[in-house]
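Peer 1: One letter stands for each residue in the lines below.
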Amino acid sequence: MADDGPSKYITLVSSDGFEFVVLREAACASPTIAGMLRNQMIEARTGRCSFAEISSIILEKVAEYLSYRLKYKDKLDVPDLDIPVEYCLEMIVAADFLGLDEQMA
Amino acid sequence: MLINIFLRSRRPNRRIMGPQSALTDFLATHNISAAQIRADADARRRAAQSNQDEPGEEQSDHASAPPPAPEVTVAPSPALPTRTRGRAATELTSREEKRKKEQKVIEKIKASKKFQKRKRNLDDSDDEDDLALAIFQERSAPLPGQMENCAVCGKRFTVTTYSRSAPDGGLLCTPCGKELDQEGGAPKKKAKRASGGPVGKRRQMQSTILDGTYRPGAKSLMTLCIETLAKNIDLAEDLGDLPPLVIDKIARKLSKHRLLNPTTLHLFLQPSAEEVYIYDGAKLVATDYIKIFQMVPSLKRLKIRNGIHFKDEVMEYLASRNIDLEELYLHGSNLLSQDRWKLYLEEKGKSLRSLRVYWTDKHFGDEVLSVLEAFCPSLERLKVSHNQQVTGNGIKEIAKLKSLRHLSLDLRNEVHSDVYVSLLSEIGAGLETFSLSRVPDADNTVLDAIHNNCRSLRKLRITESDAMTDEGFVRLFKNWANRGLAFVDLEKCRQLEASHPRENPDNVGFCSNAFRTLMAHSGRTIRHLNVHGCRHISESAFEDVFAPGKTYPELFKLEISFCEEVTDFVVGSIFRSCPNLRELNVFGCMKVRDVRVPRGKILVGVPTAVGMVIEGDDDD
Numbered sequence: 001m002a003d004d005g006p007s008k009y010i011t012l013v014s015s016d017g018f019e020f021v022v023l024r025e026a027a028c029a030s031p032t033i034a035g036m037l038r039n040q041m042i043e044a045r046t047g048r049c050s051f052a053e054i055s056s057i058i059l060e061k062v063a064e065y066l067s068y069r070l071k072y073k074d075k076l077d078v079p080d081l082d083i084p085v086e087y088c089l090e091m092i093v094a095a096d097f098l099g100l101d102e103q104m105a
Numbered sequence: 001m002l003i004n005i006f007l008r009s010r011r012p013n014r015r016i017m018g019p020q021s022a023l024t025d026f027l028a029t030h031n032i033s034a035a036q037i038r039a040d041a042d043a044r045r046r047a048a049q050s051n052q053d054e055p056g057e058e059q060s061d062h063a064s065a066p067p068p069a070p071e072v073t074v075a076p077s078p079a080l081p082t083r084t085r086g087r088a089a090t091e092l093t094s095r096e097e098k099r100k101k102e103q104k105v106i107e108k109i110k111a112s113k114k115f116q117k118r119k120r121n122l123d124d125s126d127d128e129d130d131l132a133l134a135i136f137q138e139r140s141a142p143l144p145g146q147m148e149n150c151a152v153c154g155k156r157f158t159v160t161t162y163s164r165s166a167p168d169g170g171l172l173c174t175p176c177g178k179e180l181d182q183e184g185g186a187p188k189k190k191a192k193r194a195s196g197g198p199v200g201k202r203r204q205m206q207s208t209i210l211d212g213t214y215r216p217g218a219k220s221l222m223t224l225c226i227e228t229l230a231k232n233i234d235l236a237e238d239l240g241d242l243p244p245l246v247i248d249k250i251a252r253k254l255s256k257h258r259l260l261n262p263t264t265l266h267l268f269l270q271p272s273a274e275e276v277y278i279y280d281g282a283k284l285v286a287t288d289y290i291k292i293f294q295m296v297p298s299l300k301r302l303k304i305r306n307g308i309h310f311k312d313e314v315m316e317y318l319a320s321r322n323i324d325l326e327e328l329y330l331h332g333s334n335l336l337s338q339d340r341w342k343l344y345l346e347e348k349g350k351s352l353r354s355l356r357v358y359w360t361d362k363h364f365g366d367e368v369l370s371v372l373e374a375f376c377p378s379l380e381r382l383k384v385s386h387n388q389q390v391t392g393n394g395i396k397e398i399a400k401l402k403s404l405r406h407l408s409l410d411l412r413n414e415v416h417s418d419v420y421v422s423l424l425s426e427i428g429a430g431l432e433t434f435s436l437s438r439v440p441d442a443d444n445t446v447l448d449a450i451h452n453n454c455r456s457l458r459k460l461r462i463t464e465s466d467a468m469t470d471e472g473f474v475r476l477f478k479n480w481a482n483r484g485l486a487f488v489d490l491e492k493c494r495q496l497e498a499s500h501p502r503e504n505p506d507n508v509g510f511c512s513n514a515f516r517t518l519m520a521h522s523g524r525t526i527r528h529l530n531v532h533g534c535r536h537i538s539e540s541a542f543e544d545v546f547a548p549g550k551t552y553p554e555l556f557k558l559e560i561s562f563c564e565e566v567t568d569f570v571v572g573s574i575f576r577s578c579p580n581l582r583e584l585n586v587f588g589c590m591k592v593r594d595v596r597v598p599r600g601k602i603l604v605g606v607p608t609a610v611g612m613v614i615e616g617d618d619d620d
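Line by line, the protein sequences give chains A and B.
Residues 1 to 105 (UniProt numbering) are what the first sequence spells out, left to right.
Residues 1 to 620 (UniProt numbering) are what the second sequence spells out, left to right.
In case anyone wonders, no lab produced these hints; they're calculated from the structure.
Distance condition first, Cα-Cα at most 30 Å in a straight line; then the derived DSS-like pairs of lysine-lysine: (1) A:K73 / B:K601; (2) B:K402 / B:K348; (3) B:K231 / A:K73; (4) B:K201 / A:K73; (5) B:K201 / A:K75; (6) B:K256 / B:K283; (7) B:K219 / A:K75; (8) B:K601 / A:K71; (9) B:K362 / B:K256; (10) B:K253 / B:K311; (11) B:K291 / B:K350; (12) B:K249 / A:K71; (13) A:K73 / B:K253; (14) B:K303 / B:K249; (15) A:K75 / B:K253; (16) A:K73 / B:K256; (17) A:K73 / B:K219; (18) B:K557 / A:K73; (19) B:K249 / A:K73; (20) B:K231 / A:K75; (21) B:K256 / B:K303; (22) B:K201 / A:K71; (23) A:K75 / B:K557; (24) B:K311 / B:K350.
Working from the sequences, and respecting the hints, build out all of it.
Peer 2: What follows is the structure in structure tokens.
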């Protein structure tokens with residue numbers, strides 16, 4: 001792969017093989033993902049992060065959240081992202097794993 | 001025509017109004033004109049008539065229908081040729097034409113203003129077509145005053161505004177309508193929820209700005225999920241395997257929205273849990289508390305706020321079970337009697353390491369404190385807050401607790417300073433936290449006692465002391481063998497004298513020299529400093545402390561509200577000297593007007609158009 005600097009996008013892979021392409025900047029809102037993409041980890045070289053415990057539906061919502069967060073960074077009067085009730089609990093687990101806890105500066 | 005308008009505009013005040021009835025006057029004040037209503041009704045009736053009589057003719061919505069006379073003469077002529085074609089064919093074509101005409105009318109409705117308006121007000125996903133159909137049916141329904149056949153019994157009756165509509169369309173006569181109501185068949189209009197809408201959102205935002213908790217940008221994913229969960233908590237049966245920190249967050253959120261009740265309590269009682277934190281026990285009764293102990297046998301840390309129903313029977317149950325609590329935090333448990341407190345401490349005091357009791361006024365007093373020495377040998381943390389019963393005698397008992405590390409008192413009785421002095425001389429050496437809230441009578445002797453006895457203090461709080469002076473504080477911090485403090489709260493240690501507010505001849509309170517000495521002593525370690533209300537700290541003291549050469553690397557949160565000598569320059573110096581400062585509170589510092597806040601810092605208390613909090617974005 002021609003390597004002229006890290007690609008702008010990275011791929012998140014769910015447990016059942018679905019892949020979601022998101023902006024690197026958006027994904028690094030999660031400290032876990034940022035850590036995976038750092039240094040010389042395999043994920044950093046290939047630009048793919050696999051999450052064996054997160055299903056595709058949840059990961060899709062996570063990808064949506066990451067883009068939403070980037071879009072509304074530092075803005076006032078932000079509309080809330082809708083989370084369907086059925087996935088609420090699993091989303092909490094995923095949010096905890098990815099470190100999307102407190103509002104980071 | 002033109003001339004008429006001209007004339008009218010020239011003499012607008014010449015219209016002579018005749019006598020009007022009181023009712024007309026009243027309606028006129030509400031913008032209701034009887035003549036207008038009559039004209040509208042006539043127009044509608046004519047429009048409806050022409051709709052029903054002439055299948056081939058189109059009707060416009062708001063234009064008043066042409067007067068009936070010419071219509072009558074025109075109508076027969078086109079009707080004659082159609083009738084000669086034959087009855088059956090006529091009916092077929094007339095039905096088709098009717099359908100086509102209906103379609104056209106519906107399309108016109110969709111283009112009309114009324115439809116657009118209603119469409120905007122739709123609060124659920126109604127189909128647009130449904131709405132158009134509804135308006136169409138409204139139009140084609142017979143008007144009040146006309147005769148109509150009842151849809152159910154076929155009787156002729158006069159349509160009124162109260163006539164119910166049958167579920168399949170058409171109208172019902174009064175008896176049939178009453179029957180329908182009894183059955184409850186009439187679909188009720190959906191009650192419109194008074195939603196906050198944009199006003200509610202903005203108010204919430206302003207409220208968080210004033211609180212100082214406002215953060216721009218999107219909420220964290222965890223917050224969004226927990227909010228959704230809280231809104232739909234009745235659907236949740238089990239919280240599954242979530243980590244304890246997450247469970248705690250959910251508990252807090254639910255308590256905040258007052259959703260913690262016996263049903264939702266179940267979600268937090270996991271058999272393997274060691275801690276149960278209930279942030280709002282207002283809806284829980286004694287049996288619920290007992291249930292906690294039944295379902296969580298390995299409970300170690302218990303925290304209940306607003307635990308009003310934590311009564312004697314609960315305490316008895318707790319004392320009789322195998323649960324050995326290490327931390328007990330009870331807030332608002334006023335129904336516990338003194339005997340039960342003593343019983344619990346006698347039975348279970350051995351394992352108790354932390355006891356925090358808030359807002360209990362009557363029964364947690366000196367006697368309970370007196371048994372602590374005998375039964376709680378490993379007690380490290382004691383906090384008695386908002387208590388009316390404990391007096392100096394109780395504090396003398398506390399002095400006997402040699403294992404105590406953290407002591408926090410917020411008492412309402414007057415306690416003489418000597419009591420504190422002797423307390424400190426007994427256990428001061430081991431104390432890491434010493435907090436006395438609202439002690440107007442405590443004087444310099446207490447400060448001297450701290451100076452002489454405390455060696456491992458990290459957190460110090462003395463608030464609302466009227467008697468301590470600048471000198472006393474200087475003596476405390478000068479050459480003190482204690483290492484630097486991390487948390488200092490000296491809120492409102494100032495002179496309370498209305499007759500000469502600005503002069504302070506005896507230097508009462510925490511003033512300039514004390515401030516200098518404090519920062520010289522603890523500057524390297526201090527993280528959190530609160531000198532709210534210490535008005536007599538002079539500008540030069542601030543400038544000396546935050547001079548160009550000095551840095552305070554650990555200082556994270558600084559509150560200097562109502563220190564009136566703080567200026568813009570001082571604030572700027574503070575930002576320069578404290579690289580890791582996150583929040584600076586200058587509420588009521590009137591000389592702070594225009595300050596540039598560096599990026600990443602928050603300045604609270606300077607009123608701007610946006611609110612009281614300024615998020616720094618200045619790149620210096």
